[in-house]
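Take the sequences, apply the hints, and build the full model.
Protein chains in written order, with my numbering: chain Z, 1 to 197; chain F, 1001 to 1189.
Watch out, some of these pointers could steer you wrong.
[Said to hold, decoys possible] Okay, the calculated beta carbon distance ranges per label pair:
1. F:Ser1085 <-> Z:Gly36: 19 to 27 Å
2. F:Pro1107 <-> Z:Arg59: 52 to 60 Å
3. Z:Gln86 <-> F:Pro1179: 56 to 64 Å
[Said to hold, decoys possible] Part of the chain F face toward chain Z, derived, beta carbon under 8 Å:
4. Gly1077
5. Ser1085
6. Pro1107
[Unchecked claim] Far from chain Z, by Cβ distances over 12 Å, these chain F residues were calculated:
7. Val1058
8. Phe1060
9. Arg1075
10. Ala1109
11. Ser1110
12. Val1119
13. Ile1120
14. Leu1124
15. Leu1128
16. Ala1146
17. Leu1154
18. Arg1186
If you're looking for bench data, these hints aren't it; they were derived computationally from the structure.
Glycine included, every Cβ here is placed at the ideal spot set by N, Cα and C.
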Amino acid sequence: MGSLYSEHRSWLHACPAGLKLGVLALLGAVLYAMHGVPILGLAALACCLLFASLGPATRPVRRLLRALLLACVLLLGLHAALGQWQAGVLSVLRLLALTLLSLAMTVSTPPSALLAVLESALQPLQALGVRSERLALQLALMLRFTEHFFVLWRRLDDAHRLRTGRAGGLRLLAPLTLRMLDAARRVADTLELRLGD
Amino acid sequence: MKPSQTLAQVSLFAALMAVFGLIPKIDLPLGVPITLQTLGVMLAGCLLGPRRALHAIVLFLCGVALGLPLLSGGRGGPAVFLAPSAGYLLGWPLGAWVTGAVMARLPAASPRTAALSAVIASALGGLLCIHACGVLGLMGIAGLTARQALLGTLVFVPGDLLKCVLCALVVHTVARGLPDWRLGGRSTP
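Put into structure tokens, the structure is as follows:
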């Protein structure tokens, strides 16, 4: 699960992360407010040109363009099946424009900068119980636990196969949950020692 | 609850969402699709309570926003929040909060009672809320009519009902195996 950030500097690398995220959100809203095929076509073309202008910086995400094209074909097909060609074309143009914009932002913004912006953006949610500080630690723990889930799932599945000769499947969900909740308690004890709270 | 416990539990359930996203889509008989991430939302709500469940799902969505391919099908990045299915994504935190809020108020004195409460909480938060947000998203972003959006979302309902039952089974197991666990984030077990 590597980052898609490109070390190859482009003109967009110099823009602040918060500005890029804000512009992306604003352009997203504007694109959905547009309803004409010509204007959306122009917008999609502009986004293609912006993406292309980043040059070698787009190398980490070029393999995703094939998936984007496939998604466009499927989206158009779905709308065609419902008898809505124009709506299909509009949806495809929006998808193209927004995906290329967000890919341009992803390759030109270091993950640490995005994290800082997200921490600031999440602060209003603190009243609802969402703690935005130590977001990097939370994400790192999330990834570590994800890996541990699969390790533990494999161990439980191997044990189940030895006992029954069959794969465990969803039967392992309950024992896996108990083991992981227990693991979380042990991690919490370690964190309390390390962080002091 | 101590901040370290909150941090560990929130990260754990965000990881559970990631695990469910990495597991391939399952097709039930008659071609009904089932992805497991809404089960993660239900479990977070029932086991963590509203505030920490909301935190866990928001943390997971932050990972997605940062480009991690944690959604089913290996999707990730900011563009997914502007796609036609964004309503479902944005419905997850709300669904987790509602599931937790309902679970905290329903009885859980015994494992069986806790399981029944989990079915109700999951259905209200993990099914009704998420599908409502999903339908609004399909109407607003994909431009579908209400009828088309409702028909499009109904195909997922049988799978989600099955997930409510799965969630209840897990809650039953937790209530038996960890009797001091505070289901729904309540102040006493």
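For each hint, the structure was consulted:
The hinted range of 19 to 27 Å is satisfied by serine 1085 of chain F and glycine 36 of chain Z, whose Cβ atoms lie roughly 24 Å apart. Between proline 1107 of chain F and arginine 59 of chain Z the beta carbon distance is about 57 Å. The supplied range of 52 to 60 Å therefore holds. A beta carbon spacing of about 59 Å between glutamine 86 of chain Z and proline 1179 of chain F agrees with the range 56 to 64 Å that was offered as a hint. Evaluation of the glycine 1077 of chain F hint against chain Z yields a held restraint, the C-beta minimum of about 6 Å falling below 8 Å.
Below 8 Å, beta-carbon pairs count as interface contacts, and serine 1085 of chain F has none with chain Z, the closest being about 11 Å; its hint is therefore violated. Given hint, proline 1107 of chain F at the interface with chain Z, is violated; its Cβ is 21 Å from that chain's nearest Cβ, farther than 8 Å. The beta carbon of valine 1058 of chain F sits about 5 Å from the closest Cβ of chain Z, which is not more than 12 Å, so the claim that it is off the interface is violated. Its closest Cβ contact with chain Z, about 7 Å, brings phenylalanine 1060 of chain F to no more than 12 Å, contrary to its assignment away from the interface.
A Cβ of chain Z approaches the Cβ of arginine 1075 of chain F within 12 Å, the least distance being about 9 Å, so the stated non-interface status is violated. For alanine 1109 of chain F, the requirement that its beta carbon stay farther than 12 Å from each beta carbon of chain Z is met, with the minimum near 20 Å. Chain Z leaves serine 1110 of chain F outside its interface by the beta-carbon criterion, the shortest separation being 17 Å against a cut-off of 12 Å. Under the 12 Å C-beta cut-off, the non-interface status given to valine 1119 of chain F relative to chain Z holds; the minimum distance is some 15 Å.
Distance to chain Z confirms isoleucine 1120 of chain F as a non-interface residue, since its nearest Cβ pair spans about 20 Å, more than 12 Å. Residue-level check passed: leucine 1124 of chain F sits 18 Å from the nearest beta carbon of chain Z, beyond 12 Å. With a least beta-carbon separation of about 20 Å from chain Z, leucine 1128 of chain F lies farther than 12 Å from that chain, consistent with its non-interface assignment. Even its closest Cβ contact with chain Z, about 14 Å, leaves alanine 1146 of chain F beyond 12 Å, as expected for a residue assigned away from the interface.
Chain Z leaves leucine 1154 of chain F outside its interface by the beta-carbon criterion, the shortest separation being 15 Å against a cut-off of 12 Å. The beta carbon of arginine 1186 of chain F sits about 15 Å from the closest Cβ of chain Z, which is more than 12 Å, so the claim that it is off the interface holds.
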